[in-house]
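Number of protein chains: 6
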Amino acid sequence: MPEALYFNGLDDLIRNALAEDIGTGDITTLSCIPEDAVSTGVLLAKDEGVVCGLSVAARVFALLDPHVTLTPRVEDGAAVAKGDILADIQGPSRSVLTGERTALNLLQRLSGIATRTRLAVDSISGTKTKIVDTRKTTPGLRVLEKYAVRCGGGGNHRFNLSDGILIKDNHIVAAGGITEAVRRVRRLAPHTLKIEVETENLAQIDEALAAGADIIMLDNMSLEEMRKAVAHIAGRALTEASGNMGDKDLRQVAETGVDFISIGALTNAVRALDISLRFR
Amino acid sequence: MPEALYFNGLDDLIRNALAEDIGTGDITTLSCIPEDAVSTGVLLAKDEGVVCGLSVAARVFALLDPHVTLTPRVEDGAAVAKGDILADIQGPSRSVLTGERTALNLLQRLSGIATRTRLAVDSISGTKTKIVDTRKTTPGLRVLEKYAVRCGGGGNHRFNLSDGILIKDNHIVAAGGITEAVRRVRRLAPHTLKIEVETENLAQIDEALAAGADIIMLDNMSLEEMRKAVAHIAGRALTEASGNMGDKDLRQVAETGVDFISIGALTNAVRALDISLRFR
Amino acid sequence: MPEALYFNGLDDLIRNALAEDIGTGDITTLSCIPEDAVSTGVLLAKDEGVVCGLSVAARVFALLDPHVTLTPRVEDGAAVAKGDILADIQGPSRSVLTGERTALNLLQRLSGIATRTRLAVDSISGTKTKIVDTRKTTPGLRVLEKYAVRCGGGGNHRFNLSDGILIKDNHIVAAGGITEAVRRVRRLAPHTLKIEVETENLAQIDEALAAGADIIMLDNMSLEEMRKAVAHIAGRALTEASGNMGDKDLRQVAETGVDFISIGALTNAVRALDISLRFR
Amino acid sequence: MPEALYFNGLDDLIRNALAEDIGTGDITTLSCIPEDAVSTGVLLAKDEGVVCGLSVAARVFALLDPHVTLTPRVEDGAAVAKGDILADIQGPSRSVLTGERTALNLLQRLSGIATRTRLAVDSISGTKTKIVDTRKTTPGLRVLEKYAVRCGGGGNHRFNLSDGILIKDNHIVAAGGITEAVRRVRRLAPHTLKIEVETENLAQIDEALAAGADIIMLDNMSLEEMRKAVAHIAGRALTEASGNMGDKDLRQVAETGVDFISIGALTNAVRALDISLRFR
Amino acid sequence: MPEALYFNGLDDLIRNALAEDIGTGDITTLSCIPEDAVSTGVLLAKDEGVVCGLSVAARVFALLDPHVTLTPRVEDGAAVAKGDILADIQGPSRSVLTGERTALNLLQRLSGIATRTRLAVDSISGTKTKIVDTRKTTPGLRVLEKYAVRCGGGGNHRFNLSDGILIKDNHIVAAGGITEAVRRVRRLAPHTLKIEVETENLAQIDEALAAGADIIMLDNMSLEEMRKAVAHIAGRALTEASGNMGDKDLRQVAETGVDFISIGALTNAVRALDISLRFR
Amino acid sequence: MPEALYFNGLDDLIRNALAEDIGTGDITTLSCIPEDAVSTGVLLAKDEGVVCGLSVAARVFALLDPHVTLTPRVEDGAAVAKGDILADIQGPSRSVLTGERTALNLLQRLSGIATRTRLAVDSISGTKTKIVDTRKTTPGLRVLEKYAVRCGGGGNHRFNLSDGILIKDNHIVAAGGITEAVRRVRRLAPHTLKIEVETENLAQIDEALAAGADIIMLDNMSLEEMRKAVAHIAGRALTEASGNMGDKDLRQVAETGVDFISIGALTNAVRALDISLRFR
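Residue numbers (my numbering), protein chains in the order written: chain A, 1 to 280; chain B, 1 to 280; chain C, 1 to 280; chain D, 1 to 280; chain E, 1 to 280; chain F, 1 to 280.
Bear in mind the hints are in silico, worked out from the structure with no lab data behind them.
Here the structure is a predicted model, which means the values were calculated and not measured.
All C-beta atoms, glycine included, are put in the ideal place defined by N, C-alpha and C.
Some hints here could point you the wrong way.
As the list claims (entries may be wrong) - Distance condition first, Cα-Cα at most 25 Å in a straight line; then the derived SDA-like pairs of lysine to any residue:
{"hint": "1", "chain 1": "B", "residue 1": "K82", "chain 2": "A", "residue 2": "G243"}
{"hint": "2", "chain 1": "F", "residue 1": "K128", "chain 2": "A", "residue 2": "E180"}
{"hint": "3", "chain 1": "B", "residue 1": "K168", "chain 2": "A", "residue 2": "D84"}
{"hint": "4", "chain 1": "A", "residue 1": "K168", "chain 2": "B", "residue 2": "A210"}
{"hint": "5", "chain 1": "F", "residue 1": "K46", "chain 2": "E", "residue 2": "A120"}
{"hint": "6", "chain 1": "A", "residue 1": "K168", "chain 2": "B", "residue 2": "D47"}
{"hint": "7", "chain 1": "A", "residue 1": "K168", "chain 2": "B", "residue 2": "A37"}
{"hint": "8", "chain 1": "E", "residue 1": "K168", "chain 2": "E", "residue 2": "A234"}
{"hint": "9", "chain 1": "E", "residue 1": "K46", "chain 2": "F", "residue 2": "T134"}
Unchecked claim - Distance windows between CB atoms, simulated:
{"hint": "10", "chain 1": "A", "residue 1": "S222", "chain 2": "B", "residue 2": "A81", "range": "25 to 31 Å"}
{"hint": "11", "chain 1": "A", "residue 1": "T69", "chain 2": "F", "residue 2": "S123", "range": "56 to 62 Å"}
{"hint": "12", "chain 1": "E", "residue 1": "T69", "chain 2": "C", "residue 2": "T40", "range": "27 to 33 Å"}
Input sequences plus hints: build the corresponding full structure.
This is the structure in structure tokens:
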């Protein structure tokens, strides 16, 4: 069961999406459909996958017209088969037709992410490793896409540059080494944030550990290197495998013993799940 | 060479994306990088494809910090190979690092769309058919994604519900037939818009033609049905093939003689093109 | 009966108008009127004309205070006489008084446009010509003002620069002729838009027809020139008379056989219809 | 010489107007006009009147494209004749064409208001009476329209419900009389605001004077009644004539000796001044 | 009993404050508290003072979640003792916890202002002088803070630079004297605003009176100077004592006979009143 | 030397503050000051303290009028004495006068916070304890106020509910104990965030340590209890003293050995530092 979605910008996002899709008015619908016509329909999975975004789709219709009700039959995070009914919809025909595309664009995309995440998570089942996302999300949709990752069984890496510390190679070079970089961050950052350091070899790992890093990123390492790194760190810090993980054999990576595998492709190489709105 | 991009909401979109990614501040960078440090680097293709969004990426940095300059080496729409340098970047290190992810997220996504479109366009080269997009775009990014389709050599279908008329089955049913639906639309719509009607068989095509439809959509027809439809219409209206075209053999579809093939997958089943920012 | 109004920016427009009129508070009303006072009243026509904007006025009060109800007695587009009651209003006295001016400013202006349009439409009754508007509307109010034109019996020309193509003399000169201009537009524009070309003489008309123009604008032509142009075009394209039409004898223009007469004065030379809110 | 214009929402108003007019892009111009084409032109008066809004028009182009320069040849408030050149414009052809309509819509409307105001002001020249506006302005444009009134030689009444006190009949009835209404307002309102009371007869005038009203509105009075009222008040308060003043003989009203005549028609019954952009 | 609060930007202010405090989600609460948990609690005064902002706090919760109800037990402006219950709150536990800090931050601050104002007002009880605020308010909160001053028994000076005229020394110098400054203001300002002039000595007071100033500010005068100024003005204009009044013996100032004492410290040297949300 | 300020909403905050203060125009200044007048002046400390916000004040003027330049003579975080000049200002007189109040309101408030923080920091000098802020900030100004705390030598606690985990008593009760609460948080929260638990006694501390809490808040404990708690924890977690710390003897608290003391009063019981703009 996925965790709750909270996103204080959701209504603005949806209003913006509706404005983008409707322009100055849905002329075809306003012309053809009588104002008092009412429709009933369902949201139908046309492929198998993990559904995500039903409450978002419901909000699309609610903001367009409070008289439309979309009632989910499954929860976000549910695995669905082709032909499954995901939700019932009922309301003024005009509003259902006008809101359809915006609702589906969101629902299909989020479900695509949840589906892809579930595949990754399932591929490492039984290991102690957790699949997490990155900041490679669609501009404007990050909170929703990270929610979709959770619905697919993954975890979230930091949401933005202020709620997580990640010291990368450029930071290290500019600061004059890992030790100094960590020291500087500790002076400025809230004490409530962990410090993660990107490393490429054991020497860097040792320096990071000595500096008190909480999380060590193993960046673009081979399986063998990762295995050694994990053994060397030996629980003194959390470990995260990173670097084109979308194209790797995730089970092999997990079996190196890393705590986390972060995968950009969860959110930036996604096929929308095919879902359609079918009228009765 | 792609057509010009104009999008009056671009700055708002970028500011919103930067806010989403930066939160209350890029703590790592502010801590590690001195305020007066300056960096030079390049945008590098790490895979082959069609690039799109360089001016968008430049605008990301310009809005974050006018002292950063991103100078493209190629134009949007250019085919690039792995290892090609796409642009030079120069400016305050802090701003380059803080804006990097937002710029790449946009650039990679748009390049992914342009790349996918180019593949589709190339697959039907030599035919008179044009590949066009749909409204299955990412909420908030439609104008950019349709620009990416043009950069890939495709054309645009309507941008929203008010700048194009498309009479679908639900409209037809509600109006009581194609003839009445077209009549109603003609009364309300500006005379500057063409009228497109979705059809599934020859009877509907005949009714649409008689009603004066300008464009006839051939929805979910077999190759054989499309071929017959095109011959039957015989230039009396434009023709558009539609319905899961992302999974079809496009050359076969084009050879039916349709004027347009509209493909939702151009924008909703996209793998971001791998592009990275490399410091010197 | 007028067509439906849909305008996704209406609430923002109204909130902005209320903020403009209320400032930091309606001091007079807050001082004099008890919080629990309730009023009943009517909207009264103080002149004859065509009413437009009752649902807009209702929305003004609804956004200010959901406890105010404005119930129209007539529909938008109705012809009303001096003394006619247009709507009943009921609710907290403070809110009725505070919202009055904003509601009336919108209602009176839209009714003024509908009234002026009706006069133009009536003046050519019996002809096949349609009166349409232009982009000479009040900044911020275009969708509402074009709705008012429809309520007055007119039709709409394009809403903006992206949902209609109009190739004017400057475009023709820059492109190097009508033929090339049309060719360029066809390459960029969605295939769902018609192409209109502004012409001043028969030579241009011939070039436009040859290029495949869908609509030919007859700009600033004399009645005689228009008559000849219409005869020459002979149904191969739609025709639109344009150029200071607000000052012309419209029946004479219509009798040249043009399909459309576009009139900027419908929206930029308007006297607000006198409507007042009368308490009981 | 008109007073300075300051309006902190001007840029938002213009951006909104440009978005409304441009939609997703000026397809015709982007297609036909090369990106590097540059144009020179003038703003030309096609009718006589008082010009207002040149700096607003300049700002329209500046916000669309900083490379466009619009240089006024006359100041706002200048009387112009048919054929007068009002300003020179120079810049990228695309931007000039795309911004033209929005700039002219604002400029023509404001000039129409200034022109109408000047007529009213001139009609009472030699008297001590001042013409002022009302809150019957176009929603969203109030600050600009009140600036246009000043450019025409008129003065401004209050801008909104919080920067001026006007006790009307409904306030009087609800408060239980003028005396109590004034007392309540004085308790709540900042001491920096004058108090105006609407009156219909001498008894009300006496009560308002006794309550300490600073301004007395003479509402819908005959010329004879106004003359008596002014004599009776005898300078103990300012006087303002009100009530359909747009249809009255203003000189006769002014000769009653009132200090101010407020006229809603200055802003809600306006014909845009004909101004065009002519390319060289 | 305090006057009514009206503030058309309140919802935007609250949404902004909630967004600032919630970020991308209240992770702790979403993790620990079940979605269907419901809580009951009270707002409790932990110090004595004057409460202000209960309707604002209620609005915070209403905008976050309409299922939360906050029911005041006292009115804004009420004096409360340590331990007094100010309001009852009931609703979904998650929403109560997530909105708590934003609601309290507003409520405590406004109550702090009301409390400080009440002290000032009480200190001059029995005199005819009125305590008023200034523009030294927190950016973004002015309307609320001026409401808090009214709840504490004070009055409001002008809300902004357009709803009140205050000619200060720099204005006087630039205009070339008080007489000319007043003349210039009278030409531009709406006739509905009073004119206040800042003075430092009797000569300036005489010039201001002669120019027709409505209010005379006695700036940074000694008690003796103020006493003389008031006697000299003798009711020909309102008088206002100003200049570090937050540190003065207000009763002594009031006993000079001034009409108003304006105090910046009412809003810029404030200790939040200690109020907490206690669950049952 | 204080750390860098980055705040992506700063411009919006300032524009909003200017709009609030200017309303529809600074009538006094526009009337009295010629458009071409230029002024020179300084920002002057009228009391001793720590200055903060000079770049914010500079931005106020820059956004109002790019021709105004404010050049700091000291850096944010500098201790200043009464009479010290903080910055030079130069530019059009109108803009300097119109922006003065908004700039000072921000500068004075931030300097007040920095001053109060410095006092707290100095009072525990020589200890290893760090003073940090809370979320008891002014709605809308949090990022600025937390910057002011840093300028005063303090550190920042979490900025909002999503970039820090703080499990309070209500969370513990709802989850059924500290152990379960920590477990639930760990499942949902990004692994980049530390987990802080509020405790009131040693039993809770033990449970928190066992659950793996990173930070332990000692809430409302006596000095003796804190001392025992710190000794008991013995470095297994960070420790934070909390609970009305604004009224405590901070040195005594620091000497218990806690790592952090969080003080709400740093931001919600602040006296603006007296700073004025003096013209030359």
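Self-check item: Hint check, failures only
Solution: Number 4 only.
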